[in-house]
Structures are given as C-alpha cells and as structure tokens.
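Engineer: Just so you know, the protein sequences line up as chains Z and E, in that order.
With UniProt numbering, letter number 89 in the first sequence gets 89, and the count goes up by one each step, no holes.
With UniProt numbering, letter number 48 in the second sequence gets 48, and the count goes up by one each step, no holes.
Just to be clear, a hint being listed does not mean it is correct.
[Unchecked claim] Pairwise CB distance ranges, derived in the manner of DEER restraints:
1) E:Tyr100 - Z:Pro18: 56 to 66 Å
2) E:Leu307 - Z:Lys301: 28 to 38 Å
3) E:Ile866 - Z:Gln149: 52 to 62 Å
4) Z:Leu11 - E:Gln849: 35 to 45 Å
To be clear, the hints were calculated from the coordinates, so they are not data collected in a lab.
Built from N, CA and C at the ideal position, the CB exists for glycine as well.
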Amino acid sequence: MSDSKGFLHFLFFKKWHPVPSVGSTIALFSIIGVIFVALGIVITVINNQIQEVTIYKYDQKCSPVEYNKKCSFTYKLDNMKAPIYFYYELENFYQNHRRYVKSKSSTQLSGEEISLSDAEKYCDPITYNKDLEEWQQNVYVTEQNTQVQKERNPDDIASPCGLVAKSFFNDTYALSLSGKNIDLNQTGISWPNDKGKKYKRASDSESTQWIDPENEHFIVWMRTAGLPTFRKLWGRIEQDIEEGEYTFEFQNNYNPQMFAGAKNIVLSTSGPFGGKNLFLSIAFIVVGVIQLLIALAFLIKKIRAGPSFGQKNE
Amino acid sequence: MKSYFQINESISQTEKIILPDDTPMRNRPNTITTMKTTWLTFLPYAFIKQITQPANIYFIVIGILQIIPVTSYTNGVPVIYGPLSMMISISIIKDAFEEYSRYKSDQEENNRKSHKYFENQFIQCNWKNIYQADIIMVMENESIPCDILILSSSYQGGIAYVETKQIDGETNLKQKYSIYDLQQKYHIDNAINFKKDNSVKFVYDQKNPILYKLSGTYQISNSEVNSLNYGNFIERDCILKNTEWIIGLCIYSGMDCKIMLNSSQERTKRSRLEQYMRICIMSISISLALFCIMASIYEFLWTNNHLNYSYLGLSKDNVFVDLGLWFSLLSYFIPISLVVNVELVKFGQAKMLESDKVMPNSKSHQSNLIEQLGEINIVFTDKTGTLTKNSMQFRELFAQNEKEALLCLSLCHSVVKSKNKLIGSSPDELAILDYCEQKGYVFQGIDNNNNLTINQTHFHRVMSFDFSSEKKRMTIVVKTGNEYILFCKGADEVLLELIGECKHQQVIHQFAIKGYRTLMLGRKTFKQNEIDFYLADYKKAQEDKDEEMMNKLQKTLESNLEFLGITAVEDLLADDVGQTIQELKSAGIKVWVLTGDKVETAIAIGYSCNLIDSNDMLQVVTETTVGSIEEVFLHYCNESANIALVISGQALSVMLDNPQLKSMLLKRAFYAKVVIVARVSPKQKQQVVALVKEYLPKAYTLAIGDGANDVSMINEAHVGVGIQGVEGTQAARAADFAIQEFKHLKRLMFYYGVECSRRNALTILYIFFKNQVFITPYFWFGFLNGFSGQYLYDQWLSQLFNTVFASLPQVLYALFDEMHPSSEYLQWSKTSHNLLEDKPDVYVQFRQQPIFTIIKFWLWVFNGMIQGLIIFLVCTFSTENQNMDNGMTMEFFEDGVFIYGIIILLVNLKVLTFTYTNYNFTIFFIVLSILVYWLILILVNDYELSPSFNFYRYLVSPQLYLALALTCMLFLFDLAIERFYDFQIYVRKPESIELV
C-alpha cells in the first residue's frame, strides 16, 4: 500500500491484476473437479438411502375403472423410515401452459372481492359459476376437504375463478395395513406464508366460494408446476412403516383421459438434499470429470507445446 | 471542409444595397447558429428524433404488442417502455449536451468583437449585432466578421492583405483592394460624412456557396455602372494582415456567408466495429424472426392437437397473434441498451483520453472512432509540421552572384514588415529574410505605392505573381532606376524547367540529401519598351481577375530565366519521430508520406526518420508520361525486395488518370515497404487516400497532418488525426482526434487504440451474450409447454436486467480495464507510460485476429443460447418434480425467479473471464449487481408482484444451492476457453496480404 494514498483510496481503487498461469489453471480445475466428483459421489450415496416408490396409473388397478367412486387396491411396500411423503403425480398435464397459468386472480385468492371486469380479464375463460365443472357448481369444499352442498347462482362470479382452480385435483386417499389405518397427515403440506396470506378465505366464504382457499390441497394445486409431469404433496406419513401388503383406498374423481395422461402415487422419504435426484448426482460427476479433463488438457498442451504455451502472460 | 457546388436558380437573382441607408436590412443579422433547434423546440425535436430511430421504433412496436391483449404476456402493461424511456432519456441528455456545446461555440463566435458604423462613428460591437448592409471596420490581425466588399483601406492605393487559411488552407497572404471610386469617399478620415453623400447602389449575387467568385455592379449616384469583382471581396473568417484597417460593407451575413454555406457537410465516419455491429444487428433480427416463426408455428400446431384438453381452455388461434406474442417475448435478442451503452462508454473513453497527462492537449472529436485507432494498417502522414517541427533554419545559399541572389531573396516574398516586425505566414521565407538581414540586406517594408525598400533603396514593384500550390513559384518584376528586373523564387523542378539547362543539379541533390528544403532563384532583366508591352496585359488581366491570362503572362515573362542561386533551409525533425516510425513499422503498419516538398527532400527526411533503411531499394518515379512511367515500373519488377517507392506529384497525376498505371501503382505500393509521394497538392493527398480505400478493402487508414492542406486527407481517411501545430489549428479541428506531437501517435494507437478496440469489441459481444443467456430460457421452456409463450421471470424485475442487474460491471470494464495497468491503483487520468506502447506485436495480434468478427459474434451468441439452455435444464431438472427435504415441491415461477438469479450471477461473473485488471470497486459492483437482485426479492417478498414470490423457500432448499454450484461450471468453462486461447502465442509476422 502506497503511503501517499489514503485508506479509502486503497479500499476502492486498489488494483487486482491476476496473471493466470498454466500451473494455477491446472490446479484450479483439478481442485474444483475433485470437489465436484466428490460431491457427486456423496449425492449418489445419499440418493441410494432414499426410498421412493411409484405406483403407476393407480386408477387402472380397479376394475372396472369407474369415476366418482371409491376404489381400493393393495401394493407391497418395503420398510420405510418416517417421514414418508405421499404424492400424487400427473403425467402429460400442462400446468405450465400460458393460457392456463394466467387464468387465476391473485386478488380473489387473497380473500378480496373482484369486479366482473377483473374476473373476465384475469380468469378468462372461467368467469362464472356456470363455467365451472359440474361438481363444483353447487358445493362448498371446506378447509378439511369435505364437501358441503350449497345452492349457487350460476351467473355469479366463480370464486375462485379461472382454469387453474377449475381443474383442481380432487382425488382423496387412505392407507391401511391389514385393516389398521395408517395416518396420512394432510396439514402443513403448503408453504407457511401461503395459507392465510396469499390464499385466504373470503369473509363470507361459505356462501360465495365453492372451495375454501385455505384448503391446503387447493393451495398446493394452485402453485403451478413447470414440467408436464409433476408431483404434488398430498400428505405425510409420520410413522415408520414395515414391510407388507398395504391397501390403498382412494376416491377416484379425477379423470386422466381429459388430459390424455396418467395419475400415479409416489411415496418417498427425504434426505438432506430432498428426494431422490438422479440428475444432480450424475450432473455433478459429469461436470467434475469435465473439469479434470480440462486440467488434463492444459497439462498435455503444456507438455507438448513446451514453454511457449502460457509464456505471454507469465 | 468539403465544398459542394449547388447551382440553382436563386443565383441569378440579385440582392441590392443602397448606401447611405439608414435602415440596413435588419432582417439579416450576422449571427450563426449551428444549433439544430432552439431551446423551446429542443425537447420535441429530440424526442421525435429518438422515436424515429429504427431501433427505437422496434422497441415501440414491441411495447404495442405488449399492450394488445391477445399478444400481451404482461396483462397489457407495456413494461418495455420502462427501460426504453431510460435509454431515450440518456440519448436526449447527450443530445442536449452536444446542443449546449454548439450553443456555446455559437455564442463565442457571435460575441466576437468588431466595429460597425453607427451614428457617424465606428463603435465596437459584437459580430451578432452586425447586419447586412452595415458598414464595418476591421483592424489589423482581426478576423473579418462577415462577407464584405472593401470600401477603403489604410493604404493609399486601397490595397489590403488577408490570410485565407480558414478558407483554403494556404498560408500566404492574398492581396485584395478596395473599390477604386470609393476609397476616398469611405476613408476613415471622412467617417462623419458617410451618410451625406449621394447614394451608391450595389447589386450582386444572391447568396450562393461558390467560393472564389463574386459578380455584381456598383453605381454612384447616377453615373455609369461599374462591375465589382472578386478582388474587392473578402470572405468571413479571413484575417486582415499588414493592413492597419479596412472599411467594408457587409453583403452576406451570418448563415448566408459563403464559408457557412460551405461548411454544412459533416461526413459521418464509422469504425469497422460499428459497421460490423450493424451487420450483426441485422443478422440477429433475422434469427429472431426465425425463432419466432418456428415457435409460433409449433404453438399453432400444438394448440390444434390439444383442443380437446378442456382444462387448458384452448381455442383456435391465429398464427399471427402467436407470432406477435413471441416477438414481444424474445425482443431481448436485440439488446435495448446496446447503442446507448456503447456510446456512453466511448464518450467516457474519449474523456479519459482527453485528460491524459502524458499526451497533453489531446482532443477527441469523434469518440465513436476510438476503437478504430487499434486497427490501422496504413498511416498517411504529412511531412512539414508533422514529422518535422516546421521551425526553419537557414542553412546555405549557393549562388554565383551572391549580391543578386540576396536581392532576389529580400524582394521576392510575401512577407510584410509592420512595426519593425516581419510578418509572414511562410516560415521558410521568414528564415530566409532573417538570413538576408544578417547579410546586410534589410527589408524595410512595402509602402502604399508598391515600393519595396531594401536598405533605403526603393524598388517599385511593377508586377507580382503570388505563390500558389499549383504554380509552386513566386515571381515579381521590380523597377529600379530605369531597369526592370524579374525575380523568381520557387520549387527547383519548376525553375529548372524555366531555366532550361543548369549545371548545378548536383548542389540541389546534395542539399536534398541532407534533408534541406531547397528553393531555386532565377532572374531576368527587361528593357522599358519590352515591359510596357506586358504591362498593359497585366493590368487588364488584373482588373478582369483573369487567372488564365495571368498565368499565361507569367509564363511568357519567365522564359529564358537565368539561374541565380539555390537556398537550403532545414526543417528540424519533431521529437522521437524516428523511433515512432520504427515502431509503427514493426507493428506492420505501412507509412506513406504525402508531402508538398520536393522528392529529394522527402527522401532525405525518409532516411532521417527511419522510414527508409540503407539497404532498401529506392524506386523513384518522377516521369511524367505514361510510357516512361510504365517503363520504370517494368524495370524494377522484383517484388520481394525491400522497396521504398517514391513518386512525384506529377507522376502521380498521370498515374491516377490511367487505369492501367493505377493498378500497377497499387500493386507496387502494396508490396513496397514505404511509399513517399512528394510535391502533392491537398487534393492529391485526398485522392491517394481515397484510392487506397477503394482498392484495398481491408486497409484501415489513418491520416495525420497539421496544416489546412491536410484537412481533405484527414477527412477522407478512416481516422483523421490532427496535430496542433504551427500551421494553425485547422487540421486539429477538422480531425477526429487531435494530438500535440507526432510521437503521441504511438500512445494513441498502441495504447488507446488497442485497449479501446479490445474493450469495445468485448462490450458489444458481451451485451449480445448476456441478453441471449437471459432470453433463450423462454424459448427452451417452450418445448415443455407447447410454445404457449409462457414467460419465466417476473415481468417487472426483468426490465431491470439491462439497466440494473447486469450493466454496471460491463461499463466499468469498458472504462477501466487495462492489459497492463500503469499503476497499483486506478488512475482517472493517466500519468505514466503504458507498457503497451512498447508492444507493437500486441498491435499486430489484435489487428490480425480482431476480437470482433462476424464469426466471433455468432460464437458468443451461440454460447449465450447454450448457456441459457444449460441453466434452464439444470435448474429445471434439479428442482422440478423433485421434493425438497421438507417434502414440498416447487412452483415453476419460483424456478423462474431462481433461473433469473443464476443468470444474473453468471453474466456478472462472465465479465471476470475477459477482464485483465480488476479494482476493488469493480469487484464490489459485480458482487453488488448479483446481490441487489436477491435484496429486491426480499423487499418484495410480501407483495405478490406478477406471479408469486416466496424468497424463503430458496433459503431452505438445498437443491437450489447444488444447482447454483452446477451452473457455476459455465463460468469455469468460459474461463478455461479464455485462458487456453490466451496462453497461445498467435502473432504471425505482419504481412501486406492483410490489406486485401
């Protein structure tokens, strides 16, 4: 530090003129490469400890396949450690489509009344009660996901309106092992500051809304997914489960034919990096190896090209 | 200053002034306005100018697309108008700044002082208060405020001397004279009576831009009508010399003045980088169109295939609506901030150049050319005043009759003595007269009756033919006693022709080899009866201003001239010229010297300033016929040798007229190590530069000169550099850059040129790159959602991308990065020599492998697309359809917010991969740019802007941190490529092949 310059000058205008050398480059890439490969291995090991079970097209397991009916099937599960997360997974469902995504009113969802023009602007093409699915037109779905019959004027603004709300996934599940119910905890499945804030029931919810926006399944559904195949949390099993033939009972309401796709059930445990994530473990190892190869390329080039390589900056 | 000749009908019309007139034409004040608007109209004018720019029209259309509901993805809010209005405001502020400096220079010009006739006396006034038909008085060494007719002058005979440097660049004095009949009437002693007399009627051309021409008539009372001529007329901005005062009549004022009508042309030059940038914008627009067409067709087909997906609420779509939507989504392909950003950066660079303490008094008038300084391969230089100091020292006089020779020298010149001081604009002549004085020939001056006095002896000047750059000689005829003597002084090749045979060519050669400027003197005597015959012709020619006749007469008079002597004057070399030229040469730059001096002198200077080595083969072309030049060219056909090609102006004009010779010349000049063209006129200098530009498409030329005679060359070259020297500031003002000395050219090119071309090229590439990284995820996302045109990032926050989140680090880079920093700290104004100045090889490298090429551009764009894709894939697949450790899953808007954050991180880090020198504060701003995004997210966390925010989700999800680490590999890959490229030494030997 030059004496004539003040401390502030030093603080702001001090120069950094790193002169990269072949040696430092090789070192940099080797170290980062090793770290990445190591991380990849760690993630792989953790991935292997995570248990994930997918029951594909569970609705097809009942015969005949009927909708709006209860149905059950059995499925063999291994030992799993709590907490076990219970998801439903939809395939080929475009929750990320522009027309779909934009068709909702955040104002309405946060418990405020909206004008007709706003409803038309934001919720098009689902504005009125009559635009909703038939089952939604005269019902009130409570926070606990139970349905209460309610008379509604078909020409009132639907609340919640819009395509996302209309396509609300309404299958329900229950799980048991040899007659003994396994508790599926359905609370706390949405983000804490969604419920009661961004999703808040209107003051006269029961008479104006067809579903309580604080219903957590609804909140989870409203948070649109980015991929056409997505899973959404439905409940948590807060006890370890042992090996056995489990009975899955479900209310088969949602028809996958309307999106030419499938609906699955996923049971998964969780590790420090979340669920099973093959992508991350492969990506880390691949990237790490590429870094090592880069280091190697510099090394080979240095050996073959001799001192002229990298001289300019040294 | 290019003159254009616009002849239209208005010229035939005439203006009328009748003196004395109490009410001069008050509607024609002598104010000049180069301001394009008034302060009142500035804003609307500047605004309209901005919104009619092609780029801005594009963004306005995008905004309209954002308003129209069907093509809007922003709920009808034209969000793009945010950054657009910011960019437009910056441009308008810049325009206002320029307008203000024009206003200031107008004010300065308009408030210059002169004298005008008002209520029977001359009062001091500002230029702007002079009106057409006003009578004005100009004192010695003052500038003429408007185009005037001379009514009277301080000399009895009505003669006045003016310097016309501003008009034609010639530095010798021109003789003008008052209207004969009015000299007495409007003499200053008679000032009180100006208005009493009968009226004088002047009728003359309506304003027209043709220089050197004026026609009109005057009529006193009702007497006969006499014609006015050009000799009575002085243009605005000429300077009165050696004449105590003149009184003139303002006939053209303000913007009507001939020089103003001529100065309107301002050629805009563009650097190679700018031209390429335009091509790139065009080509990326095409690729944008392709992307949009592809996307909208995909969407159209997808929609038609999925109409039965009732939950999507699809309806049959118009494919053009989809197209509009995609255009507005992908509008970032053309970066909104590009033009403004680059202009601002260059402005800053120019300001730093101007404040450089190592090259004091540097000026930058065309900051947009600053990067072109780093890509020059031919330098055209003037000699006198540029390579040399233009400070003359008399060295030798070779004469058989020294007395006569000294007499010739002390009589035949355009220097005037005033108040015991010699005043002349030719430094050669001043040096010569100094010498004469030492030898006892003291020039006492010239009186009103054309009597020259040398040591009390009077010589009556009967005829005088002034020096001009075409004639290259000056001739006078004086009468002493009963004898008439003609003295001629001029360029030796002209005089040799006139003298015929001369045994003293050896002497000329010897002088020239020493680098001296030589002049030859000639003499001839006439008898009374002989001269009478010519005198009549001379008078007539002078009255008619018939130049052709004058020339003919001069030629006749000069026949059979006898040799008198040869003078040698040395022009001292400017500082470090040799070293500078040596380094220019080792940077593979061809140096062409274009000089008005003679061939030998030019060659001598060539040797003394390292242009020509002793083992170079000299090839001198001075022949003046097509056949002989061809012969010379064929004679030396060895192309590989080190040839120094020297061409005389005469040979050049022959070659330029003959297409075959022209191509031979170009071929020869192309291989030659150095080209010297001697004895060229200003026009020819410009022709040479134009020729090179035309036939060597990859030649990037720089012209450097100091005199007004270099202006046309400076204007023609890709970059013009002016030296603020002895010959006035004309060149320095017309030039794109002005420096004080030739040696500063090295710093200008090797340091500023290289650094600015590197930084500006990377700035442009980077701006395109970052916008590609930013916008292509929208496109890739299309593959997952049927190209429905769903955006990923919050629409309000994405408007801040180019203005807040990813702008400052790149601006700081463009301003402060240095390959070889000259200090431990940042220096706002440079105070020390830079290492780059000693590295011609770096210059060669950057010129041979320019950073910005069309291929490099597409590589960067492609890199941007790929990085956008990788970021999108990594973020999507590490988070989407994955449960976090608390079992919850992500919403895609959250993913978008996260992708945006990673993009901001990576594009800011990217700056580091091509930065050589960082400072604490630049690193601070990089970090700040990255963090400010997250800070804003925290601030708006509780407000649902367009989709949804939940900042705390990012903090708890480990996958996001892993994805972050993964995407940083992109930075590392870029770094690896950058370094791999950097570690290789690529410099080839400079070759002339580069030029084609």
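Engineer: Confirm or reject each hint.
Structural biologist: Results for each hint:
1. E:Tyr100 - Z:Pro18: 56 to 66 Å: 42 Å, violated
2. E:Leu307 - Z:Lys301: 28 to 38 Å: Given range 28 to 38 Å: violated, Cβ gap about 57 Å.
3. E:Ile866 - Z:Gln149: 52 to 62 Å: 56 Å, holds
4. Z:Leu11 - E:Gln849: 35 to 45 Å: 38 Å, holds
Consistency note: the structure conflicts with the earlier hints numbered 1 and 2.
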